[in-house]
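Asker: Read the sequence shown against my numbering and you will find it ends at 438, with the numbers running on by one and no gaps.
Source of the hints: derived by calculation from the structure; they are not laboratory data. We put the beta carbon where it would ideally sit given N, CA and C, even for glycine. Hints may be right or wrong, so weigh each one.
As the list claims (entries may be wrong) - Here are the simulated distance ranges between beta carbons:
no., residue 1, residue 2, range
1, Lys-370, Asn-349, 34 to 42 angstroms
2, Arg-431, Leu-358, 18 to 26 angstroms
3, Lys-370, Glu-342, 20 to 28 angstroms
4, Leu-427, Leu-358, 32 to 40 angstroms
5, Ser-401, Glu-342, 36 to 44 angstroms
6, Ala-357, Pro-289, 15 to 23 angstroms
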Amino acid sequence: MIKLDIPGFGGLALSHLVLDYNGTLAVDGHVLEGVHEELAAIAEHLDIHVVTGNSHGDVETRIAGWNVRLTCLPALGQAQAKRSYIEKLGANRTVAIGNGRNDAPMLKAAALGIAVLGSEGLAIDAVRDADILVRHVVDGIGLLLHPTRLIASLRA
Numbered sequence: 283m284i285k286l287d288i289p290g291f292g293g294l295a296l297s298h299l300v301l302d303y304n305g306t307l308a309v310d311g312h313v314l315e316g317v318h319e320e321l322a323a324i325a326e327h328l329d330i331h332v333v334t335g336n337s338h339g340d341v342e343t344r345i346a347g348w349n350v351r352l353t354c355l356p357a358l359g360q361a362q363a364k365r366s367y368i369e370k371l372g373a374n375r376t377v378a379i380g381n382g383r384n385d386a387p388m389l390k391a392a393a394l395g396i397a398v399l400g401s402e403g404l405a406i407d408a409v410r411d412a413d414i415l416v417r418h419v420v421d422g423i424g425l426l427l428h429p430t431r432l433i434a435s436l437r438a
């Protein structure tokens with residue numbers, strides 16, 4: 283669990299990290315450099331969930347052996363399915379990281395929503411519904427591993 287109090291933002295007691303795969307953890311289906319190591323480090327504090335439409339059809343192979351719970355979603359209704367997933371975990375205990383339009387509802391529902399501006403772009407809806415924007419998913423995970431960074435950005 284990660285607990286912190288951010289002046290003007292409120293207290294967080296996070297138990298779960300939910301991430302999108304394509305465009306967030308991977309580009310063109312290939313896992314980004316440094317992702318596995320950062321997820322292994324944050325797994326000491328949070329339960330990790332990867333929720334994806336599995337666009338390239340090989341996510342199971344790409345993250346085999348990782349300490350994550352993988353959920354593959356059907357092509358239709360992904361935005362609502364991702365939001366529902368967050369709500370079932372307990373939105374107030376969950377941080378979400380994503381980049382797509384279908385990630386926007388989960389970013390909004392989560393106690394902390396982190397939007398990623400990577401090589402596959404970032405949907406405007408995701409930016410609007412996130413609490414913070416990072417350039418790379420490793421930077422987003424780094425905010426959780428080094429919470430003073432998060433506090434510096436979100437305090438009021």
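Asker: Decide, hint by hint, whether the structure agrees.
Answerer: So, going through the hints one by one against the coordinates:
As the Cβ distance of Lys-370 to Asn-349 is approximately 20 angstroms, the hint placing it in 34 to 42 angstroms is violated. Judged by the Cβ atoms, the range 18 to 26 angstroms given for Arg-431 and Leu-358 is violated: they are separated by roughly 37 angstroms. Look at Lys-370 against Glu-342: about 22 angstroms separates their beta carbons, and that is inside 20 to 28 angstroms. A C-beta distance of roughly 35 angstroms is found between Leu-427 and Leu-358, which places it inside the suggested range of 32 to 40 angstroms.
Taking 36 to 44 angstroms as the suggested C-beta distance range, the pair Ser-401 and Glu-342 does not conform, at roughly 23 angstroms. Roughly 42 angstroms separates the CB atoms of Ala-357 and Pro-289, a value that falls outside the hinted 15 to 23 angstroms.
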